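Taken in order, these protein sequences are the chains called F and D. Using my numbering, you'd call the opening residue of the first sequence number 355 and step up by one each time. Using my numbering, you'd call the opening residue of the second sequence number 355 and step up by one each time.
Heads up, a few of these hints could be off.
Every beta carbon over 12 Å from chain F, so not counted as near; a handful from chain D, in silico [claimed, not checked]:
(1) Lys432
(2) Asn449
(3) Ser539
(4) Asp545
(5) Ala568
(6) Ile574
(7) Lys626
(8) Glu681
To give a feel for the contact side, a few chain D residues facing chain F, derived at Cβ under 8 Å [claimed, not checked]:
(9) Leu450
(10) Ile464
(11) Val518
(12) Val541
(13) Tyr546
(14) Gln553
(15) Gly559
(16) Leu564
(17) Glu578
(18) Val579
(19) Met582
(20) Lys667
(21) Trp687
(22) Leu755
Keep in mind the hints are simulated off the structure, nothing from the lab. Bear in mind the structure is a predicted one, so any value in this text is a computation, not a measurement. For glycine and all other residues, C-beta sits at the position ideal for the given N, C-alpha and C.
2 protein chains.
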Amino acid sequence: MNKETAGKDPDSAFENAHIYVHFKAVYTLALKKGDGKGEDGWVCTAQNFLHIHGNTGKTGVLSSLSVGNVMNQVMTQKPHELLAATLAAELEAVNLLIRQRMASQHAPRIPEVTAHLVEAGGKRLRPMLTLAAARLCGYEGDHHLKLAATVEFIHTATLLHDDVVDESAQRRGRPTANLLWDNKSSVLVGDYLFARSFQLMVDTGSLRVLDILANASATIAEGEVLQMTAATDLRTTEEIYLQVVRGKTAALFSAATEVGGVIAGAPDEQVKALFAYGDALGIAFQIADDLLDYQGDAAKTGKNVGDDFRERKLTLPVIKAVAQATEEERAFWERTIAKGRQQEGDLEHALSLMAKYGTLEATRADAYGWAAQAKSAMAKLPDHPIRQILTDLADYVVSRLN
Amino acid sequence: MNKETAGKDPDSAFENAHIYVHFKAVYTLALKKGDGKGEDGWVCTAQNFLHIHGNTGKTGVLSSLSVGNVMNQVMTQKPHELLAATLAAELEAVNLLIRQRMASQHAPRIPEVTAHLVEAGGKRLRPMLTLAAARLCGYEGDHHLKLAATVEFIHTATLLHDDVVDESAQRRGRPTANLLWDNKSSVLVGDYLFARSFQLMVDTGSLRVLDILANASATIAEGEVLQMTAATDLRTTEEIYLQVVRGKTAALFSAATEVGGVIAGAPDEQVKALFAYGDALGIAFQIADDLLDYQGDAAKTGKNVGDDFRERKLTLPVIKAVAQATEEERAFWERTIAKGRQQEGDLEHALSLMAKYGTLEATRADAYGWAAQAKSAMAKLPDHPIRQILTDLADYVVSRLN
Chain F
355 MNKETAGKDP
365 DSAFENAHIY
375 VHFKAVYTLA
385 LKKGDGKGED
395 GWVCTAQNFL
405 HIHGNTGKTG
415 VLSSLSVGNV
425 MNQVMTQKPH
435 ELLAATLAAE
445 LEAVNLLIRQ
455 RMASQHAPRI
465 PEVTAHLVEA
475 GGKRLRPMLT
485 LAAARLCGYE
495 GDHHLKLAAT
505 VEFIHTATLL
515 HDDVVDESAQ
525 RRGRPTANLL
535 WDNKSSVLVG
545 DYLFARSFQL
555 MVDTGSLRVL
565 DILANASATI
575 AEGEVLQMTA
585 ATDLRTTEEI
595 YLQVVRGKTA
605 ALFSAATEVG
615 GVIAGAPDEQ
625 VKALFAYGDA
635 LGIAFQIADD
645 LLDYQGDAAK
655 TGKNVGDDFR
665 ERKLTLPVIK
675 AVAQATEEER
685 AFWERTIAKG
695 RQQEGDLEHA
705 LSLMAKYGTL
715 EATRADAYGW
725 AAQAKSAMAK
735 LPDHPIRQIL
745 TDLADYVVSR
755 LN
Chain D
355 MNKETAGKDP
365 DSAFENAHIY
375 VHFKAVYTLA
385 LKKGDGKGED
395 GWVCTAQNFL
405 HIHGNTGKTG
415 VLSSLSVGNV
425 MNQVMTQKPH
435 ELLAATLAAE
445 LEAVNLLIRQ
455 RMASQHAPRI
465 PEVTAHLVEA
475 GGKRLRPMLT
485 LAAARLCGYE
495 GDHHLKLAAT
505 VEFIHTATLL
515 HDDVVDESAQ
525 RRGRPTANLL
535 WDNKSSVLVG
545 DYLFARSFQL
555 MVDTGSLRVL
565 DILANASATI
575 AEGEVLQMTA
585 ATDLRTTEEI
595 YLQVVRGKTA
605 ALFSAATEVG
615 GVIAGAPDEQ
625 VKALFAYGDA
635 LGIAFQIADD
645 LLDYQGDAAK
655 TGKNVGDDFR
665 ERKLTLPVIK
675 AVAQATEEER
685 AFWERTIAKG
695 RQQEGDLEHA
705 LSLMAKYGTL
715 EATRADAYGW
725 AAQAKSAMAK
735 LPDHPIRQIL
745 TDLADYVVSR
755 LN
């Protein structure tokens, strides 16, 4: 994945968050020590340390570490890390499945391209949402592992396809995005991953799951196409922005949580709540990411302030400013975003216009609103330690904005 | 679709075949005249004119023409044209479905890109195979229409993705392939069509159909990736070539016929025969196409002799020559294909080496062998006018080689 894609991938926010913990090393160690069968592993949040003793399944995780040591780690753990620890054994099974299904007997180029994306440092946020949803609904089978791998494959395929360079963009002198592989490999290996994910879903034998993922795929693809045209079109409304965000991020989040509930045979109301949670979480996530582009600290976010402005991407803070623009201001947005004729001082002027209308604050309020929606959806699910972690996760995605 | 893709698309062979008939105009006229309900249409081959009186469904086809006139047309009709006439009403329903499902509420770019490919002059060979297989097995529902549309969407998406330019290829000074749209549009709109096809299959409610199409998708994607590396690798065997051909052409042909039988609830033996027919037909088709590249007449095939050689694509005639090459000849193939350092007279020398080992004749024999396999598979299916047309189609794809 190249720099540009890394910036677009909302997960990057996780990589660059400000609370640094050593958990990754602990997790890696635990995975290495796990012998693959028999032991009960456990992990907990600081606040309900005494209440959780989840069976993480086949592999003992953290069992080789002292309780004191774990407590120490746990105190500063971020929700997604806690989720990773809680679901460690299942995640390992998902990783195994991913490696197996990624392999191609005939085309060695495939694992070569995907290993980089799938193996290296992936946070597995989306598959974790599927595992968490299934567990939360009391699922005891193993189809959720296939669905988690499915979701990760779809995500990876999308990243590969996002990597494909628009030639006209190149002609405008922007950097070449796919440094590691050529366009053709990105496209065809992405297609292979889509096909693999499709096989995995079919393996679950659930038409309802297939229906959900088919619809999510269409929303994702439609959103991506819409983004191409909407990004530089000043007529883009908040409603269109939301469609783009759903395609880019929220549709896969909501499908990930929904299929977890469906495969667990959860009641309709819970399945709906899981969908609503994933949808709202994804939207909060993406709005936060777009906001950080204008107010972030490069050291934390890995993005320079104003990258989206320079790349002529209409995101919520600008859309809100355009909606209230005077004629003169509209001409400014027309020149800089629609026509892309930017000059020195334009970013500063754009920021001053956003300040004038308080659009950064309004955007932040929107992100918080979506996070609150995610939490209220989660409240409809059964009381379970994972419910708390997912609730905390909704808080976490917007906590970066403070 | 650009010239390069047109060359790769085996359907182009149909466009350029030597028996010219006026059927297209008749077909168009009939479609325009059809009022959409009630009339029984019919069409037939010359030899069994009296035995067929198929109900083509909702739209009367050819009914406005005199029998003598029809006979006249029919005498010179090619099998795929006869198939189109026989299935005209269903094909029209498929076209309608395609237009409906292609539409995007949010992203006008989508129909803009796909209309060109899906609407214009498509021969609908793959969807016809699905319709024909279902009809042959006595199907009376309408899920086969969805599957036919699915197959056409997958085909179109594959063409769009094939259009994406490998930047390194551009750097080697080869022509830009996607003249009409940029890479990004080709990729994302292709993804949208895949997603749409996925929704259509799910609509049939048949897990078995989903399984077949998921596996076909994986074979297609794997074959495409394999081709990238195998095309210029002199170690490519006939076996690997066959895998590439299955990915490129035969996997969708065989899936198209197989799902037709499955949706009709045909017995396993018939479903297997339908798969075998599609597989062998697709392989015969592609081998014939690759052979015509070296022995064809540009006026008939739309390709210049030796395009594959110039584009450094190892196809069967060359693979057979490489397998028997002397050390010196191997060095020639190494330089021209593996390294791509071609000079004047190389194509002529390549042709002389193929002549030396009789590889064009051997390749032709292979194509005929696959056509014979297709016909023998078809013999396992119920006696039905469509069975004859499909049998004739197998002969037709290799008849171009004489």
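Tested hints:
Lysine 432 of chain D, annotated as away from the interface, keeps every beta carbon of chain F farther than 12 Å; the closest lies near 32 Å. Distance to chain F confirms asparagine 449 of chain D as a non-interface residue, since its nearest Cβ pair spans about 20 Å, more than 12 Å. Against the 12 Å criterion, serine 539 of chain D falls within the reach of chain F, whose nearest CB is about 7 Å from its own CB. A beta-carbon of chain F comes within 12 Å of the beta-carbon of aspartate 545 of chain D; the shortest separation is about 4 Å.
Against chain F, the non-interface label of alanine 568 of chain D is violated: not every CB pair exceeds 12 Å, the least being about 4 Å. Consistency note on isoleucine 574 of chain D: stated as away from chain F, yet its beta-carbon is not over 12 Å from all of that chain's, at 7 Å minimum. Once the 12 Å rule is applied to beta carbons, lysine 626 of chain D is consistent with being away from chain F; the minimum gap is 20 Å. No Cβ of chain F comes within 12 Å of the Cβ of glutamate 681 of chain D; the nearest lies about 28 Å off, and the non-interface call holds.
Evaluation of the leucine 450 of chain D hint against chain F yields a violated restraint, the C-beta minimum of about 19 Å exceeding 8 Å. For the restraint placing isoleucine 464 of chain D at the interface with chain F, the shortest Cβ-Cβ distance is roughly 6 Å, inside the 8 Å limit, so the hint holds. Nearest Cβ of chain F to the Cβ of valine 518 of chain D: about 5 Å, under the 8 Å cut. The hint holds. Residue-level restraint check for valine 541 of chain D holds (minimum Cβ-Cβ distance to chain F is 5 Å; threshold 8 Å).
With a cut of 8 Å, the hint placing tyrosine 546 of chain D at the interface with chain F holds, because the nearest CB-to-CB distance is about 4 Å. With a cut of 8 Å, the hint placing glutamine 553 of chain D at the interface with chain F holds, because the nearest CB-to-CB distance is about 4 Å. Satisfaction of the interface hint for glycine 559 of chain D is found here, the shortest Cβ-Cβ separation to chain F being roughly 6 Å, below the 8 Å cut-off. The restraint placing leucine 564 of chain D at the interface with chain F holds, with a minimum CB-CB distance near 5 Å, inside the 8 Å limit.
For glutamate 578 of chain D, the shortest C-beta to C-beta distance to chain F is roughly 5 Å, which falls under 8 Å, so the interface hint holds. With its C-beta approaching chain F no nearer than about 4 Å, valine 579 of chain D sits inside the 8 Å limit, and its interface hint holds. A hinted interface residue such as methionine 582 of chain D counts as satisfied when its beta carbon comes closer than 8 Å to some beta carbon of chain F; here the least separation is about 6 Å, so the hint holds. Among the interface hints, the one on lysine 667 of chain D is violated; its C-beta lies about 14 Å from the nearest C-beta in chain F, farther than the 8 Å criterion.
A least Cβ separation of about 22 Å between tryptophan 687 of chain D and chain F goes past the 8 Å threshold, and the interface hint is therefore violated. Here the hint on leucine 755 of chain D is broken, as its CB sits about 28 Å from the closest CB of chain F, past 8 Å.
In the structure shown, a violation is registered for the earlier hints numbered 3, 4, 5, 6, 9, 20, 21 and 22, in ascending order.
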